[in-house]
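Peer 1: For reference, the chains in residue letters:
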Amino acid sequence: MIGKWLVLAFAALCWIGAAEAKPLSVVATFTVLADMATQIGGPDVEVRSLVGPNGDIHAYEPTPDDARALAEADLVLVNGLHLEGWIDRLVTVSGYKRKIVVASEGIKLRSFAGEAGSEAPVVDPHAWNSAANGAIYAANIARALAAADAEHAAGYRDRAERYAGELRELDAWARRVISAIPRAKRKIITSHDALGYLADAYAIEVHAPIGFSTTSEASAGEIAALIQQIRREHIKAVFIENASDPRLVEQIARETGATLGGTLYPEALSEQGGPAPTYVQMFRHNIETIRAGMQQN
Amino acid sequence: MDWLYQLTVAPFADYGFMRRALVACLALAVGSGPIGVILVLRRMSLAGDAMSHAVLPGAAIGFLVGGLSLWSMTIGGIAAGLGVALLSGVVSRSTGLREDASFAGFYLASLAVGVMLVSLKGSNIDLMHILFGTILAVDDQALYLVGGIASLSTMTLLAVYRPLVLECFDPGFLRTVDGRGSLYHLIFLVLVVLNLVAAFQALGTLMAVGLMMLPAAAARFWARQVSSMALVAVGFAILSGYLGLAASYRLGLPSGPAIVLTASLVYAASIFIGSRDGLLYRKLAAARFPRQVLGQ
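If you read the sequences in order, they're chains A and B. Per the numbering used here, the first sequence starts with residue 1, numbered consecutively. Per the numbering used here, the second sequence starts with residue 298, numbered consecutively.
Incorrect hints may appear among the rest.
[To be verified] Some chain A residues close to chain B (C-beta under 10 Å, calculated; not the full set):
| # | residue |
| --- | --- |
| 1 | E61 |
| 2 | V122 |
| 3 | G221 |
| 4 | I223 |
| 5 | A225 |
| 6 | I227 |
| 7 | D245 |
| 8 | P246 |
[Claimed, not checked] Have a look at the derived ranges for each label pair, beta carbon to beta carbon:
| # | chain 1 | residue 1 | chain 2 | residue 2 | range |
| --- | --- | --- | --- | --- | --- |
| 9 | B | D397 | A | D65 | 35 to 41 Å |
| 10 | B | L548 | A | R232 | 21 to 27 Å |
| 11 | A | R232 | B | L383 | 51 to 57 Å |
| 12 | A | G274 | B | F569 | 56 to 62 Å |
| 13 | A | A150 | B | L417 | 39 to 45 Å |
[Said to hold, decoys possible] Reference listing, derived: stretches of chain B covered by chain A, where coverage requires no fewer than 3 residues with Cβ under 8 Å from a Cβ of chain A:
| # | region |
| --- | --- |
| 14 | 298–307 |
| 15 | 433–443 |
| 16 | 543–557 |
Hints were generated in silico from the structure; no laboratory data involved. Because the structure is a prediction, the values reported are computed rather than measured. We put the CB at the ideal spot given by N, CA and C, even for glycine.
Kindly generate the complete structure, drawing on both the sequences and the hints.
Peer 2: What follows is the structure, encoded as structure tokens:
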């Protein structure tokens, strides 16, 4: 009899222990946010990214699995700025009612006026591509984690501080590396317009045959203008991206005699073991690849 | 005269990608124009659209096996397309189920398999996007493919032309004198699949069917005989490809939609001013011969 009670008591203890140890369940829309949450949350969070490694976030189609993950989540991280056009409907169907954290809050936005000033300006959503902005993302995420899980707030703050220091160093390193290259040579071509913030932060000229979203289609006139510019300014640094169609850029390289300078990771991390499994490594890889390409210019 | 040169020739003289795009359009026009005409005659105008979905699982398997390789995706697409075309052809001929219904059945199943494969593979590079090309990115391999298929298609069509056209109008008669009507029909379905796969590689789904069906539908307003209709369709397709590309260059429009929209404009104009059954022509004829019953 006593044995039975002991077993029950032990089971109850285990249950309480398990409930206490259960980490905060965080769902991020894509790998960059997921990695930041992992870096800051450490062992206290369990992070899931809806769009996987090397995935195209513009053209993602959510699955029922995603809706279930959202329904069970304690916190949802999104980039905002209309990057994830599909997230609102997914949140609605999943019934998720808690906080949705917009990681890009407080960023100084980069936008293009619409055609002939008729439309509202189009905002560039790829804000994480400068390390300084990355630090703002990290701060937003850290604040959200601390608010959602007050018990571990101190841990979040510590890790966030260390991470912010790492990002500051990264930013300084990128500035140093890029400023070593003469300004006239700082010109690159990529598949789609995802590196605008990087371009602004480190004074590089970035051109792409298609716009902010991979789902748009190029026009012959724009491609011709781009080719002319490449020839005129002797640009040799042409890059493909891990998560978008390489064929258009390959065509441009063929036409201009530029050489493909490798793969950039502008909006999705690589698999573990790839060249860009974390945000910091992704940023480092992009800057190094761009630097090597620009030296050919 | 320089402005004329600048407007019409310069884009193609100055840029290799424009020449490639134009050659791809020419080859597609020659290959798929006549196919479109026969599809219209057989009341299968929507079959092309159905087939564009049917090739998806094959192209997806090709991509998953061979990566972004033109050949693996093409072979996969052709295999899936042929499977659907032949199965639905055989089923409709041997059971009496209408051809369109049997097509719908098989292409929907095939589409479901394709979407399933794409989704199971996860969210790697947007597959639907990458499976199908854009005309501005046509490379040499894709040109060989498109040109080869256009040549093969034209020669095959010439070889089976008479019985095929006969079968369009009077399948019963052909069956009594030849007995191989179904064979010609199946050969024709193979040609449809080949041309569509070629067009996917060059243009993407939407475009592929547009360049096949719109000129064919427009040609019906200008010509009476099947052979002349086919020639007119090829001419319209070439014209649409050329004007669409030039407009895309000059006005900065996306190329695929520009070409298909040009073809749509040709079609719309044909409805009004076509010399055979065009609305304007009917009006004139009605004014001139008020008592004659038109449209017979």
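Peer 1: Each of the hints needs a verdict: does it hold here or not?
Peer 2: Consistency of the hints with the structure:
1. A distance limit of 10 Å between C-beta atoms decides the matter here; for E61(A) the minimum to chain B is near 7 Å, and the interface restraint holds.
2. At its closest, the beta carbon of V122(A) sits 16 Å from a beta carbon of chain B; the interface hint therefore is violated under the 10 Å criterion.
3. The criterion of a C-beta within 10 Å of any C-beta in chain B is met by G221(A), whose closest approach is roughly 4 Å, and the hint holds.
4. Checking I223(A) against chain B: minimum C-beta separation of about 6 Å stays under 10 Å; hint holds.
5. Taken as an interface hint, A225(A) checks out: its beta carbon lies about 9 Å from the nearest beta carbon of chain B, inside 10 Å.
6. Interface restraint check: I227(A) against chain B, minimum CB-CB distance 6 Å, threshold 10 Å, status holds.
7. At about 5 Å, the closest approach between the beta carbon of D245(A) and any beta carbon in chain B falls short of 10 Å, and the interface hint on this residue holds.
8. Interface hint status for P246(A): upheld, as the beta-carbon distance to the closest one in chain B is roughly 7 Å, under 10 Å.
9. Taking 35 to 41 Å as the suggested C-beta distance range, the pair D397(B) and D65(A) conforms, at roughly 36 Å.
10. For L548(B) and R232(A), the Cβ-Cβ distance of about 22 Å falls inside the hinted range of 21 to 27 Å, so the restraint holds.
11. Here the CB-CB span from R232(A) to L383(B) is close to 53 Å, well matched to the stated 51 to 57 Å.
12. Range check, G274(A) to F569(B): Cβ separation about 58 Å, and the 56 to 62 Å hint holds.
13. Range check, A150(A) to L417(B): Cβ separation about 40 Å, and the 39 to 45 Å hint holds.
14. Using a Cβ-Cβ cut-off of 8 Å, 0 residues of the region 298–307 of chain B lie near chain A, which falls short of the minimum of three, so the contact claim is violated.
15. Requiring three or more residues with a Cβ within less than 8 Å of a Cβ of chain A, the coverage given for the region 433–443 of chain B holds, as 4 such residues are present.
16. Three residues within the 8 Å Cβ limit are the bar, and the region 543–557 of chain B against chain A gives 11, so the coverage statement holds.
Going through the hint list in order, the structure does not satisfy hints 2, 14.
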